[in-house]
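Number of protein chains: 2
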Amino acid sequence: MSTQDRLIESTQELLWERGYVGTSPKAIQQRAGAGQGSMYHHFTGKPDLAAAALQRSAEQMQAAAGELLDGPGNAHDRIAAYLLRQRDVLRGCRIGRMTQDPDVMADPGLRAPVQETFAWLRGRLAAVVAEGVAAGELAAGLDAEETAAAIAAVVQGGYVLARAADDPDAFHQAIRGALALLRTV
Amino acid sequence: MSTQDRLIESTQELLWERGYVGTSPKAIQQRAGAGQGSMYHHFTGKPDLAAAALQRSAEQMQAAAGELLDGPGNAHDRIAAYLLRQRDVLRGCRIGRMTQDPDVMADPGLRAPVQETFAWLRGRLAAVVAEGVAAGELAAGLDAEETAAAIAAVVQGGYVLARAADDPDAFHQAIRGALALLRTV
DNA sequence: GTCTATAGACGGATAGAC
DNA sequence: GTCTATCCGTCTATAGAC
Numbered sequence: 001m002s003t004q005d006r007l008i009e010s011t012q013e014l015l016w017e018r019g020y021v022g023t024s025p026k027a028i029q030q031r032a033g034a035g036q037g038s039m040y041h042h043f044t045g046k047p048d049l050a051a052a053a054l055q056r057s058a059e060q061m062q063a064a065a066g067e068l069l070d071g072p073g074n075a076h077d078r079i080a081a082y083l084l085r086q087r088d089v090l091r092g093c094r095i096g097r098m099t100q101d102p103d104v105m106a107d108p109g110l111r112a113p114v115q116e117t118f119a120w121l122r123g124r125l126a127a128v129v130a131e132g133v134a135a136g137e138l139a140a141g142l143d144a145e146e147t148a149a150a151i152a153a154v155v156q157g158g159y160v161l162a163r164a165a166d167d168p169d170a171f172h173q174a175i176r177g178a179l180a181l182l183r184t185v
Numbered sequence: 001m002s003t004q005d006r007l008i009e010s011t012q013e014l015l016w017e018r019g020y021v022g023t024s025p026k027a028i029q030q031r032a033g034a035g036q037g038s039m040y041h042h043f044t045g046k047p048d049l050a051a052a053a054l055q056r057s058a059e060q061m062q063a064a065a066g067e068l069l070d071g072p073g074n075a076h077d078r079i080a081a082y083l084l085r086q087r088d089v090l091r092g093c094r095i096g097r098m099t100q101d102p103d104v105m106a107d108p109g110l111r112a113p114v115q116e117t118f119a120w121l122r123g124r125l126a127a128v129v130a131e132g133v134a135a136g137e138l139a140a141g142l143d144a145e146e147t148a149a150a151i152a153a154v155v156q157g158g159y160v161l162a163r164a165a166d167d168p169d170a171f172h173q174a175i176r177g178a179l180a181l182l183r184t185v
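Respectively, the protein sequence lines represent chains A and B.
So for the first sequence, the numbering used here puts the first residue at 1; every next one is plus one.
So for the second sequence, the numbering used here puts the first residue at 1; every next one is plus one.
No lab work stands behind these hints, which were simulated from the structure alone.
It is possible that part of the hints are untrue.
What the hints assert, rightly or not - Straight-line C-alpha distance at most 20 Å; calculated DMTMM-like pairs for lysine to aspartate or glutamate: (1) B:K46 with B:E17; (2) A:K46 with A:D5; (3) A:K26 with B:D107; (4) B:K46 with B:E131; (5) B:K26 with A:D103; (6) A:K46 with A:D70.
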């Protein structure tokens, strides 16, 4: 892997663990095994590097979720597959975490991947919900957008509960609770 | 208000806006209109002050939620009142936000108020859900703990969606989605 | 491309005068 | 109780040699 790639990957990890304010160029360099000069040769500075890292994380998250939501099975099963997918619960969501960082949200280049990822996710979920309602797998009256927002929110909020309790089970409880409510046709 | 109180209140605000890592003693002093010496006279340092601020925020959050969950109306109405209560959506949750800050979660004194608040909230919600199921206001098979976790998660995740979209309506969509699912008896 | 040296600002805290 | 002075480390970046 190139130095440039190692820098991006290290930044992805550190943004996930410590957020933007909590991540220093020095820490990135150390994790990537690269020197100062090297980093500033490939990137103009911390914001530039963070933008590259967030774009990559956003692509990866969309690819992972898209695979399940576009996968095999009926609509209900695909939503369940998305909700039940293996996750690093206590680490939380790499993208969702960024919404808490004012410096990220204030910089359009950093904010864009976050905004786009959630817009994409909600749209994709809404389409599957609509499909499920049409097929009679989900309750007839459900609003697709609202239901999709609720599903996405349960995942993001589940991470919060799990970290607060320091227990991944809090996440899984929330997911099971949501699935039970969806099943109540 | 005493200098001590102003320091605590300023810290509450800054922790909410910028998180623990992003909040400096200097910024706290400026917002509180207090000098360095004054701050270090009343508190041993940043962690001590943050602990006082988080404890106060935790109390306030529990008081606000408790009032609605213990208020008038049947179980379903109290859950709806909690979900629909007026919120500063784009600012997010003062307590939930802290779960993303590794320095907070690593310090037992800072972590405790966060952990306790969510444990309390989930327990309180579960009791109301159980009451609603018993009264036939909520679907018969619902697991109280899981449903409560899902409800708490929708709120926390709703904040994430709203901040990502820079639009409070994302939060309200998630809430309406959750309420619709709860209504589906 | 990568290295070392250097720089100004800020973070977090201490000391001692008043 | 509050103020000013001072301290050492880190943050983010630039400069220039190799």
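Where does the structure disagree with the numbered hints, that is, which hint numbers, in rising order? 3, 4 and 6
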